[in-house]
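For the protein sequence lines, the chains are A and B, in the order given.
The first sequence begins at 1 in our numbering and counts up by one.
The second sequence begins at 1 in our numbering and counts up by one.
Don't read these hints as lab results, they were simulated from the structure.
Just to be clear, a hint being listed does not mean it is correct.
As the list claims (entries may be wrong) - Within a straight-line C-alpha distance of at most 20 Å, the following computed PhoX-like cross-link-like pairs (lysine-lysine) qualify:
id, chain 1, residue 1, chain 2, residue 2
1, A, K296, B, K93
2, B, K408, B, K74
3, A, K276, B, K908
4, B, K960, A, K276
5, A, K276, B, K931
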Amino acid sequence: MKRPVCRPGPARWAGLLVLLLGSLLPAATIRAAEPFELKNGDRVVFLGGTFIEREQSYGYIETALTSRFADRDITFRNLGWSGDTVWGEARSRFGPPAEGFAHLKQHVEALKPTVLFVNYGLNESFAGTKGLPNFEKGLNTLLDVLDKTGARIVLITPRKLETLPPPLPNPDKANERLAAYVDVLKKAAASRGYRVVDLFNDFPPNPNHLLTDNEVHLGAEGYKEAAQVILKSLGFGEASNSPGLDALRQTINAKNELYFHRWRPQNETYLFGFRKHEQGNNAREIPLFDPLVAAKEAEITKLRQTLSHQNQSSPKERSR
Amino acid sequence: MTLAARTRYRLAGFMLTLGLVIPAAHAQRNLTVIPPTDPEIERKSFQVADGFEVNLYAADPILAKPIQMNFDAKGRLWVASSEVYPQIEPGQKANDKVVILEDTDGDGKSDKTSIFAQGLLIPTGVEPGDGGAYVANSTELLHFKDTDGDGKADSKRVVLSGFGTEDTHHILHTLRWGWDGYLYMNQSIYIHSHIETPHGVRRLGGGGIWQFRPETMELNVFMRGLVNSWGHHVNRWGQSFATDGAGGEGINYVLPGAYYFTAVDAVRVVQGLNPGSPKHCGLEVVSGNHLPEDWRGNLITNDFRGHRVCRFVISDDGAGFSSKEQPEVIKTTHGAFRPIDVKMGPDGAIYIADWYNPIIQHGEVDFRDPRRDHTHGRIWRVTAKGRPLVERPKLTDASTESLLNSLKSPEDWTRHFAKRVLKERGASIVPALAAWVKTIDSSSPDAEHQRLEALWAYQTVDVPNAELLSELLNSKDARVRAAAVRVVGHWKDRVSNPLALLAPRVADENPRVRLEAVRVLGEIPELAAAELAFQALDMPVDKFLDYAIWLTARELQSVWLPAVQAGTFNDGGKPARLVFALSAVGSPAVAKPLVEALRSGKLAGDAQGRALMLIAALGGPDELGLALDLALAEQTPPAQRASLLATLTNAHAQRKVTPKGDLKRVLALLNTKDQAVQAAASRAVGAWKVAGGEEQLIVLAKSADSPLSARLGAIDGLATLNDRPAVDTLNAIAAAKGDTTRGAAIVALAAIDVNHAARLAANFLADTDATASTSVFEAFASRKSGPLALATALASHTISADVAKTGIRINSTSGRPEPKLLDALTKAGKLTEATKPPTGAEREKLLADIVAHGNATRGEAIFRRESTQCLKCHAIAGAGGQVGPSLESLGGSAQVDYILDSILEPAKAVKENFHATVVATTDGKVITGVKVRQTDSDLVLRDAEDRLVSVPVKSIEEQKIGGSLMPAGLTDPLTRAELIDLVKFLSELGKVGPYSVSKAPLARRWQVLQPRDDMRMHLHISGYDFVATDTSFVWKPAYATVAGVLPDADVTTLPTPPADPKLGMARCEVEVTTPGKLRFALPNIKGLRLWVDGIRRDATETLDLDLKPGMHVFTFLLPKDTPTSGLRLELRDLPESPARAQMVLGK
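Kindly generate the complete structure, drawing on both the sequences and the hints.
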């Protein structure tokens, strides 16, 4: 038996639209219009696939943001996982793909983020046009979940694939597919009032200045430039190039490595998984990474405070 | 002897003493004799193959904990090593290393060490290449380069990332270049990898081998499965083999794209070539002039648990291979010798990486166990005494012409590295290569192989050569054709008309060429490719080829199935092709086409039967109606009628589909003479609620004169009907004392009203025996509220001790033991409380007594006792139950404390892959077993009774991991002395000595004829010949001892006619895969009589038989009035014969 459907007439439609406009749009517009900045006490979480995951060992983006707000106490956590998608596919471990999404949610929520940088769309884009509706649905489900954390969300679009000579594939088709996925990302961001860092358009590949060796993944130089693009796009000006920066970056990377052992420890099967009755006693070691992460963060604080003093003493440097 | 050396030996002696003294002080450490770490002491302990010797190439402190090693073209040995394994400690700096060892003066010892890379986290693989080396480093595949030539890497690049790390002895490993220019890499069972490439994301959950081309970033899965495959190598003709560090099937022939043991989503797997083997690590096909001729082409791997370096001989067996183990290369009782990798060296010697550790595994033994060694490691070098070494080739500076000439070398090492150097020179070598091909002397016996090397050289530099390819596809050597076919797959987008190239090879005279062609077709998603692949069914199909066609049929189903449905599929007038393809897919979509094929009248014999079973399993009402017609037809053989009816009943239970047509016709079968048909018809009548059937079922169920199986069928039928008259009947039977179907009626009622049934069960259990109680206990264990209901009902009852023990065993292996039921059974059976496992000093004393006083000979006898039940679930060398892990190398890997704990408290540590899975289904059942496989549609479990249970995924409500299926308290009936002997025996299994499983292919799984009341009369009238063929006799499983003998005590004495001597009968099976002459050795022939497939043969010490493919039964009659040395049957090599066979193992 079919349920009776109540079809709204034209008048009702109009009413509904007014309601929608009244309740949603202004809020969205307000959020986008607010000047975006990182605040004292912010907990920034990076979420995505390989682009995010590898940032934790290069550290340029995190370093640029840290030094830009060197006077503020901001902590960063990287939850990148290679091969991930809006469905959290790479995080499913032994379970079905749906479990991956549950893990993603769990990991994000546990960190109580106030700012989320989210980078998805590249891996999904290989499904082409017929995968678009599914992506849009998955993206919105993800964003609904992330939105509930109350964090300010920034969507970072994937960058275009670079064209490298054969035998690597010609990426033109992949980029065409990706463009459609970037549109979906931007549409979702617009309707929700999120900021977008458009690496697809604002960080285009340059054949005379290659930043990848496989068309897709950036190396050190690439992350350095990506950091510049991100800062600029968020209205933060240019990244600092002060001499103390490399020490800061090394410390940030060391912190990230420790945090990686904390949230993605090896031997998870034995520590927390279905064989924890055997080696689960050793799981007690894992929280012992927390004080080590905290110690590194204390070092980071010292280093950024030094930077902050330098910044204050040479305001020109900062505005440059 | 120098002073330093003397001190070292004295120290070693001191440590030996310590090895005996420390234990007394620290009892926990007593459990392992920690051997002295002096390499010379270790070396002297080696028992080396005749004609060979071993020297130390490198040792700690220059390397610690080697994991994988590979040579480079300069002959330097690269070693990945980890001191951090198994788990980084908080605050510890990940500083694992890749070291390069070099023997600059050619004396067989490394004299130069460079630390190439450090700061790594558990690097489990290294493979030099592309101007540096690839390193597997936990989640990442890295490439390091040494740009200034100082031996230290100065640039690092992440090549791939996203490899899983759920278990650090499963992470990315076994890096190897193939002959074809691909980098092969393995991962193991717990790993889930998600890798981004410019071609898209590649995912692999579970074990498998990756195939990767760095310059194109193409990443594919070459095969799936195996538990922990730390060995992979390619033979001279491009065929891949793999070993498994946690599986028990020895050498695995890698069929491209195939699924192996444990592969996720596997519907069907390819089995290894040596079932019942210990686990192996590393693999190298050895070759070259330094080795004696009979060693060339052998496969060397390591039984790291048993401290042995093993050797196998591979030979052709139809489309696949057979493999036979040879005497060891090295064996020792040195408890820290852990050979884990093996490679040929530039000098033609064999190099062995020795991980050196008394403790292996980190699942079962604590990560932080102080006995773990983190600092030692050795590389050993094995040479043939008195044979000249190979001159170490100088390749990196050689001219391209000279490199090409090296492709003629008899040493795989030289050819491989010549190609690697050519690869680094790139496509510029192509003109020289083209010229070189022309110089190949066709009269040389190696000419075809040299052309194949040229083809691989083209592939390595990634320049297709269609002309050479086409020439080799028509080579006179089948091995070359097979290899060339695979290249068609790699170049399919770059050569014109690959299908035309493959077509003649699908019909090739050689089965392996056909197999390769069928597998390449699986990569070409076109209807024509599928139709072509199915043509391989027109020629003989062995198990390997059958698998290949089946896999290709499934891979290509999206292109050919729609064509079948649209009526445009071309089966070449051979409907058997279509039936094969449709049964490979096994989805409901195939039912209709199968009916069409049946209607066409072209299906006959086997194909028809197969089609009907599929239709019954998958079809809708119309298709099921057709299957019913056949089940009802008089001319259908009874066995097929019964299985069709059972499948149709199942279709109703699982899919709620009922056959179309007049169901009343089935009533006629309730009176048929065949018991199986009668029983199946009874169940069908119940399932379909056939009008007028109930009265007949009631009569049948109640009639004590009806055959038991028919009554059981009727009871099941009534249970499904589940109305008043049915339930009344079941109640009456359930209360009828002495009725043989009483238990079955209670089981049936348990599904209807569990509390009511529990009350009936309590009465029943009070006056029945252990055997009859089993099914009742199982019925309650498999219902959610069953255990509690039974516990309540048992409150005021007394049952026999044996019945109570049966109930306790079933409760404890149910995956969710109910403590109240345990209490109730203990009380009702008047049992004393379960023996508590000893703790503290008592346990330490027990362990010390096992080591000091245990007697393994007596222990084996206890192990083999039927009442101990060990063999019911555990196999040794493949013979025995399959529920628990096989035990042939237990002593080599597990410490005595671990073995004792596992017996006394099975839930304490469970071997990987043997955790129980507990499933709750939508119809209120709870099913427990070890997961065998899971697909989209079905979960298959092996339950504690060694039965395979298939659960439709749709019916699963909840699924979780339980503990062990092994019941606690199994050894309660043993005396302390018996327990000591049993553990001693288990701790000797797999160690060098009498309890190391022999490599000879021996009959290990036997069946022993059981006495029967009418046997004496039968034997008197008909003699013994008919026993071998009569199927009505009951045979009970029996297993050979570790030494491979079925003791005569295990052969039951039969009630023979008074005039005859006392006798017993036993039989075993041989599976022949390639027909021909086979030789068997039968050492103890005194008084033996033998039948092969029911035909009398003379029992001679050497028995040569010409056998056809398939199963062959060897039945023996042996005297029982005087003790004999038992039965021993061994399959021997007959070098000139092509025949291949293996002894059938299992439960």
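Original post:
When the hints from earlier in the document are held up against this structure, which numbers fail?
Top reply: Violated: none.
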